[in-house]
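Asker: This is what each chain is made of:
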Amino acid sequence: MNVLVFADSENGKVSKAAFEASTYGAKIAADNGGSATLLTYGNLNEEALNELASYGITNILHSSSISEMDPMQLARLTAAAADSKQCDVIIFSHDYTGKSVAPIVAAKLQAGLVTGAIDYPSTGDDFVVKTNVFSGKAFANVKINTAKKVLTLLPNSVSKQKQEASANVEAFSADAGAASVQVKEFKAEGGDGINLTEAELVVSAGRGLKGPENWGMIEDLAKELGAATACSRPVSDIGWRPHHEHVGQTGIAIRPNLYIAAGISGAIQHLAGVNGSKVIVVINTDPEAPFFKAADYGVVGDAFEVVPRLIEAVKSFKAAQA
Amino acid sequence: MNILVCISKAPDTTTKISFTDGDTKFNEDGVQFIVNPYDEWYALVRALELKEAQSGKVTIVSVGGADYEPIMRKALAIGADDAVRIDAQPTDAYQVAAEISNYAKDKGFDLIIAGKETIDYNGSQVAGMIAAIMDLPYVSNAISLEVDGATATLERDKQGGTEVLSASTPLVISAAKGMAEQRIPNMRGIMAARTKPLQVVPASGADTLTETVSYELPPAKGDVKLIDPENMEELVNLLHNEAKVI
Ligand SMILES: Cc1cc2nc3c(=O)[nH]c(=O)nc-3n(C[C@H](O)[C@H](O)[C@H](O)COP(=O)(O)OP(=O)(O)OC[C@H]3O[C@@H](n4cnc5c(N)ncnc54)[C@H](O)[C@@H]3O)c2cc1C
Ligand SMILES: Nc1ncnc2c1ncn2[C@@H]1O[C@H](COP(=O)(O)O)[C@@H](O)[C@H]1O
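If you're matching them up, the sequences are chains A and B in order.
Just remember that our numbering sits 164 ahead of the position in the first sequence, which is counted from 1.
Just remember that our numbering sits 91 ahead of the position in the second sequence, which is counted from 1.
Hints are computed from structural coordinates only; laboratory data are not their basis.
These figures come from a predicted structure and were not determined experimentally.
Keep in mind that the hints are not guaranteed to be accurate.
Below are the DSS-like pairs computed for lysine-lysine, each with C-alpha atoms no more than 30 Å apart in a straight line [to be verified]:
1) B/K312 - A/K457
2) A/K324 - A/K294
3) B/K107 - A/K294
4) A/K180 - A/K294
5) B/K148 - B/K312
6) A/K457 - B/K116
7) B/K335 - B/K316
8) A/K312 - A/K191
9) A/K442 - B/K335
10) B/K148 - A/K324
11) A/K294 - A/K312
12) A/K307 - A/K191
13) B/K316 - A/K374
14) A/K442 - B/K316
Just chain A, with the same shape it has in the complex:
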């Protein structure tokens, strides 16, 4: 069973999610007597391509003719690449690009699609994939009944594994058709560049912080830890924080290794976006806050005192490690 991995790139950089998808695709191929090919596009330098080449992939197909995220063109390119290397399984990352392109590829190939996979598929008699449903409140095991299969892999579900061997890079071109959308402008969201969906550590805060002027300590803690920042919905609704930080049912879903929540009550719609986190720390003045039921470690206390203490403790920990 040959596997094709689609790797998104942004301004010449490849995301961590692409390395995870490569690791995932390479293992599925190896376990099923096939090889894994990776397809990427846009302006990627040799260094980025070499880095991509070290996660168990055999061939890299690089298309430099498409640079925008045009889902129709990327879907045609992917279908052509799968055809040229006889790939039956196509893997995307479950990020904006993957969510956009994978359904088109699946419908074009009449291939069964499972989005948001959180583990390796079982590939005995049946091909069954475990995925997050009900906003992280449950998992479904979904069987794909078609010969061709398309999956999107949720970030932070498998850990990337570098391998000794490296892949052969080829230029790839295919008839991707005319552009269907014209990109006019990209508005970067600013910030320190740690992508929330990919972050391993996340520091988040809610209405308990009383006002946007109090986020300095949250940013400081995030900086000390090398974490991304997030927030609850009311906080982004009132404009204390940018909307891309909003996690939960209606925001984005994340599954970091560590989620620290200060001044967030833990409403079910908030938990829906974060309950896939491996470890949850809750800081809240109210011992009855529902979030404590979902937490691994709890601190009943005032965030305005606890967070600065935590920053100091992280600093001394790091100093001791160094």
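Got chain A sorted already, so can you dock chain B with the ligands onto it with the hints?
Answerer: Structure of chain B with the ligands alone, referenced to chain A:
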């Protein structure tokens, strides 16, 4: 401008999730169903705003059994002009997309708008599949939408920011937060919805390509370990040595 809005039914966000029949079926007992929030708050309301500004018609479509009708009436009460229910049990995104495409193909809709995902299966699949089957341009996760003649200008969420782009109609869009503000139906809307047309059409019998074989609930969390708020060194120590996350 004629707009088709895809409406799905979802369990209320506070629903306690459980399963029956040996963990193969979602337990609907006592579950309150709502219009999927992305479909209602963003896709439908933006469609209505565009219609109000430029004239035209907003049709809603659902693939579902008679149990879909209450949520379809809600969408009519919010302001949709008419409703079409394609009579089939929705079991797979491809089947839903194929049924909607089959219905829409000769109706000349300028826009087909779906939600970015349903809050039960979180698939993010149907809209892109409709675009593929109908061979139309697709803009996913759109957070704003303007239409001028045959040109739509949109913003979409992307890794690291938002992108401004244009595409020509007919066009398929998946709607995300930001595209519009929720509208609460008023009494007049609710009364009017009772007599608005809700047409039931037979399904074309589209294939399903996947099936859910079982469900699992996440392992129960152990009890929370409480830490003295004065002693954050201990928390750091536990995160390093016990949880091994830093
Ligand atoms: C359909 C729907 C979808 C929704 N989607 C989302 C979503 O995606 N994401 C989301 O987050 N919410 C969502 N919500 C809203 C959700 O129900 C909650 O209202 C929201 O999460 C509450 O935010 P909060 O915890 O920041 O605020 P609050 O509920 O006001 O909680 C503030 C908390 O801070 C604590 N606190 C106060 N002072 C301090 C202090 N000094 N130190 C420490 N703690 C303190 C309080 O004890 C309290 O627990 C949704 C709601 C609905 C109906
Ligand atoms: N049974 C259905 N009938 C009509 N539209 C649907 C149905 N299921 C999903 N959709 C639409 O497709 C969007 C994405 O659904 P999904 O791909 O299941 O996450 C939803 O927000 C709806 O707009």
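Asker: Against each hint, give a clear statement of whether it holds in the structure.
Answerer: Structure-based check of each hint:
1. B/K312 - A/K457: 8 Å, holds
2. A/K324 - A/K294: 19 Å, holds
3. B/K107 - A/K294: Given pair B/K107, A/K294 holds - Cα atoms ~20 Å apart, limit 30 Å.
4. A/K180 - A/K294: Satisfied, since the Cα-Cα distance of roughly 21 Å is no more than 30 Å.
5. B/K148 - B/K312: 50 Å, violated
6. A/K457 - B/K116: 26 Å, holds
7. B/K335 - B/K316: 15 Å, holds
8. A/K312 - A/K191: This hinted pair holds, its Cα atoms lying about 17 Å apart.
9. A/K442 - B/K335: 10 Å, holds
10. B/K148 - A/K324: 50 Å, violated
11. A/K294 - A/K312: 17 Å, holds
12. A/K307 - A/K191: 19 Å, holds
13. B/K316 - A/K374: 26 Å, holds
14. A/K442 - B/K316: Answer holds: A/K442 to B/K316 is near 15 Å, not above 30 Å.
In this structure, the hints that do not hold are numbers 5 and 10, in rising order.
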